[in-house]
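All chains, please: the whole structure from these sequences, using the hints.
In case you want the letters, here they are:
2 protein chains.
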Amino acid sequence: MKCKKCGSKAVVNMRQHKLALCKEDYLEWVPEQAERFIKKYRMFSHADKILVAVSGGKDSLSLWEILVRLGYQADGLYIGLGIDGGFGYSSESHRLAARFAEERGLTLHIVDVEAEYGESIPVISEISQRGRGKPCAVCGLTKRHVMNRIARDRGYDVLATGHNLDDEAAVLFGNTLRWSGEFLRRQGPVLAEMPGMARKVKPLCRFYEREMTAYALLRGIEYIYEECPFAEGSTSIYYKEVLNKLENNRPGAKLTFYLSFLEARERGLFTEAGEVRQELHPCTNCGQPTTAPGLCSFCRMIDKVHGEIEIP
Amino acid sequence: MKCKKCGSKAVVNMRQHKLALCKEDYLEWVPEQAERFIKKYRMFSHADKILVAVSGGKDSLSLWEILVRLGYQADGLYIGLGIDGGFGYSSESHRLAARFAEERGLTLHIVDVEAEYGESIPVISEISQRGRGKPCAVCGLTKRHVMNRIARDRGYDVLATGHNLDDEAAVLFGNTLRWSGEFLRRQGPVLAEMPGMARKVKPLCRFYEREMTAYALLRGIEYIYEECPFAEGSTSIYYKEVLNKLENNRPGAKLTFYLSFLEARERGLFTEAGEVRQELHPCTNCGQPTTAPGLCSFCRMIDKVHGEIEIP
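Protein sequences, first through last, are from chains A and B. Each residue of the first sequence is one higher than the one before, counting from 20 in our numbering. Each residue of the second sequence is one higher than the one before, counting from 20 in our numbering.
It should be emphasised that the hints constitute simulated quantities derived from the structure, not laboratory data. Heads up, some of the hints might be wrong.
[Unchecked claim] With a cut-off of at most 30 Å between alpha-carbon atoms, the simulated BS3-like pairs for lysine-lysine come out as follows:
{"hint": "1", "chain 1": "A", "residue 1": "LYS259", "chain 2": "B", "residue 2": "LYS264"}
{"hint": "2", "chain 1": "B", "residue 1": "LYS37", "chain 2": "B", "residue 2": "LYS59"}
{"hint": "3", "chain 1": "B", "residue 1": "LYS37", "chain 2": "A", "residue 2": "LYS264"}
{"hint": "4", "chain 1": "A", "residue 1": "LYS42", "chain 2": "A", "residue 2": "LYS21"}
{"hint": "5", "chain 1": "A", "residue 1": "LYS264", "chain 2": "B", "residue 2": "LYS42"}
{"hint": "6", "chain 1": "A", "residue 1": "LYS24", "chain 2": "A", "residue 2": "LYS37"}
{"hint": "7", "chain 1": "B", "residue 1": "LYS162", "chain 2": "B", "residue 2": "LYS259"}
{"hint": "8", "chain 1": "B", "residue 1": "LYS259", "chain 2": "B", "residue 2": "LYS153"}
{"hint": "9", "chain 1": "A", "residue 1": "LYS42", "chain 2": "A", "residue 2": "LYS28"}
{"hint": "10", "chain 1": "B", "residue 1": "LYS259", "chain 2": "A", "residue 2": "LYS259"}
{"hint": "11", "chain 1": "A", "residue 1": "LYS37", "chain 2": "B", "residue 2": "LYS259"}
{"hint": "12", "chain 1": "B", "residue 1": "LYS24", "chain 2": "B", "residue 2": "LYS58"}
{"hint": "13", "chain 1": "A", "residue 1": "LYS264", "chain 2": "B", "residue 2": "LYS21"}
{"hint": "14", "chain 1": "A", "residue 1": "LYS37", "chain 2": "A", "residue 2": "LYS259"}
{"hint": "15", "chain 1": "A", "residue 1": "LYS37", "chain 2": "A", "residue 2": "LYS58"}
{"hint": "16", "chain 1": "A", "residue 1": "LYS153", "chain 2": "A", "residue 2": "LYS264"}
{"hint": "17", "chain 1": "A", "residue 1": "LYS37", "chain 2": "B", "residue 2": "LYS24"}
{"hint": "18", "chain 1": "B", "residue 1": "LYS37", "chain 2": "A", "residue 2": "LYS259"}
{"hint": "19", "chain 1": "B", "residue 1": "LYS42", "chain 2": "B", "residue 2": "LYS162"}
{"hint": "20", "chain 1": "B", "residue 1": "LYS28", "chain 2": "B", "residue 2": "LYS264"}
{"hint": "21", "chain 1": "B", "residue 1": "LYS42", "chain 2": "B", "residue 2": "LYS21"}
{"hint": "22", "chain 1": "A", "residue 1": "LYS264", "chain 2": "A", "residue 2": "LYS37"}
{"hint": "23", "chain 1": "A", "residue 1": "LYS42", "chain 2": "A", "residue 2": "LYS23"}
{"hint": "24", "chain 1": "B", "residue 1": "LYS153", "chain 2": "A", "residue 2": "LYS37"}
{"hint": "25", "chain 1": "B", "residue 1": "LYS264", "chain 2": "A", "residue 2": "LYS153"}
{"hint": "26", "chain 1": "B", "residue 1": "LYS259", "chain 2": "B", "residue 2": "LYS58"}
{"hint": "27", "chain 1": "B", "residue 1": "LYS42", "chain 2": "B", "residue 2": "LYS59"}
{"hint": "28", "chain 1": "B", "residue 1": "LYS153", "chain 2": "A", "residue 2": "LYS264"}
{"hint": "29", "chain 1": "A", "residue 1": "LYS68", "chain 2": "A", "residue 2": "LYS58"}
{"hint": "30", "chain 1": "B", "residue 1": "LYS37", "chain 2": "B", "residue 2": "LYS68"}
{"hint": "31", "chain 1": "B", "residue 1": "LYS37", "chain 2": "A", "residue 2": "LYS153"}
Structure representation (structure tokens):
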């Protein structure tokens with residue numbers, strides 16, 4: 020297999036794009052494509068201050084690397100969740116995120132959930148009894164809250180996450196199985212903006228997971244290989260398997276599924292007649308928008324866990 | 020496992036409904052459910068004349084049996100496709116459909132494609148070069164044409180087909196992967212009526228394929244076990260496998276996928292702003308509605324195959 024650009028030996032073969040590339044051309048191709056997606060979906064400009072949510076995994080570290088490479092003003096945010104799983108998941112991912120920033124002279128904000136909110140994610144999950152024995156719902160709620168807070172408090176215009184195509188297609192697949200109009204209308208590379216909140220964007224949403232793995236490896240980015248120990252057996256991993264079955268049979272199926280969805284949404288396919296938009300109010304404690312009157316879900320959860328603790 | 024109704028030994032266990040039944044209660048339950056779906060989706064009444072498209076397989080023969088059992092005026096239509104596959108697929112299915120009708124004193128219309136249009140389906144497919152080496156597209160086009168023609172010429176109000184949940188969910192899955200608004204709006208238990216055409220209905224659309232197999236077996240209906248020899252490797256069979264993977268993991272997933280789709284469609288989820296409805300004209304030869312001016316697709320195909328042959 021030869022590189023389509025220079026004819027030398029290819030190291031990456033993307034059947035879904037009918038494209039094989041050598042290392043050098045692949046490492047150029049990925050940022051070029053990312054730039055194209057950033058412009059196509061009007062994610063941000065060079066004037067915007069961007070906060071990248073960094074988990075220590077291949078996607079978020081590569082995203083940060085790519086944005087800096089493309090000349091964007093991108094800082095990182097690492098959230099310490101206090102998850103061990105027998106191999107120090109959180110401490111190892113913290114170490115890798117911090118080293119990545121240090122080696123490149125980048126700014127990394129660090130928020131440790133236990134230090135700021137009194138308990139780690141697994142403990143908050145246990146006390147609050149949300150999410151049927153798994154801390155994933157609590158973790159998602161907490162990360163969203165912290166990302167919004169830091170973006171707002173530190174004056175970032177944009178919050179960027181490393182969701183790749185496999186992530187997005189799996190979420191879309193779940194929303195489709197339930198035909199949730201609300202979720203179908205909302206999903207996309209750019210989340211509809213809300214007053215007082217940073218715009219949320221997903222610059223990697225059109226890259227296959229294996230494309231990002233190849234990028235991180237070829238670029239020499241050191242990342243945490245392990246998945247979060249709580250991810251095992253999750254619905255989203257299961258949906259990814261189903262979609263991979265489709266993809267193996269028809270290279271490009273996953274991308275077509277996601278892109279034709281975006282086009283259909285653009286055409287207005289999911290505009291429901293008589294749709295009622297939920298009104299948002301600022302949470303009386305943290306000020307972030309919420310549909311409920313009074314406290315938002317996050318503040319109610321923390322209130323339940325430690326009534327006496329002051330919520331930053 | 021005990022029958023939920025009478026406590027005797029159950030022979031059918033439907034995890035998707037959390038329901039196990041004995042033979043007698045199952046044979047009552049299926050027609051009761053069918054009656055419920057016929058009413059819920061306003062398919063037809065006892066005053067309507069119904070034409071059942073009968074292939075000789077378990078679904079269509081069971082459908083016919085159920086409609087007659089429920090007291091509806093239902094005649095059959097068998098279309099001879101001229102497919103052999105090394106085991107006499109068409110002749111065997113013809114024999115079984117004819118015997119079913121004869122044993123019960125029912126009216127069965129028979130249309131033999133080769134006798135009426137000059138060539139069998141595989142030959143028409145070869146000559147007309149439609150469908151990339153597979154006769155499935157030609158076969159579908161021909162069956163639709165013949166069903167519409169017989170229903171119209173013989174004064175039937177309704178055309179009923181034996182599509183089960185697995186069939187419908189597979190079609191829906193395919194339409195979803197491409198996010199075709201037009202197809203998503205159109206798919207359902209009752210096809211939108213067109214002037215001069217019988218209403219098309221699918222009374223079995225909420226029964227799992229294995230529920231219909233169990234019904235045919237327990238009722239002692241003799242049907243053709245073999246699939247059409249051309250079905251092997253088809254996209255729809257592949258989609259059924261994917262959906263079965265989902266179903267095995269979560270009993271009821273297939274039904275939820277289909278029913279929540281129907282609900283979303285009812286709510287108006289797929290009402291596209293600026294949707295353009297294609298106008299229909301009667302075909303200048305056969306009179307059936309078509310989007311093209313002049314001949315419909317079927318008549319154009321037959322014209323190509325045998326210009327000199329008169330099209331009935």
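Looking at the structure, which of the earlier hints fail to hold?
5, 13, 17, 19 and 30
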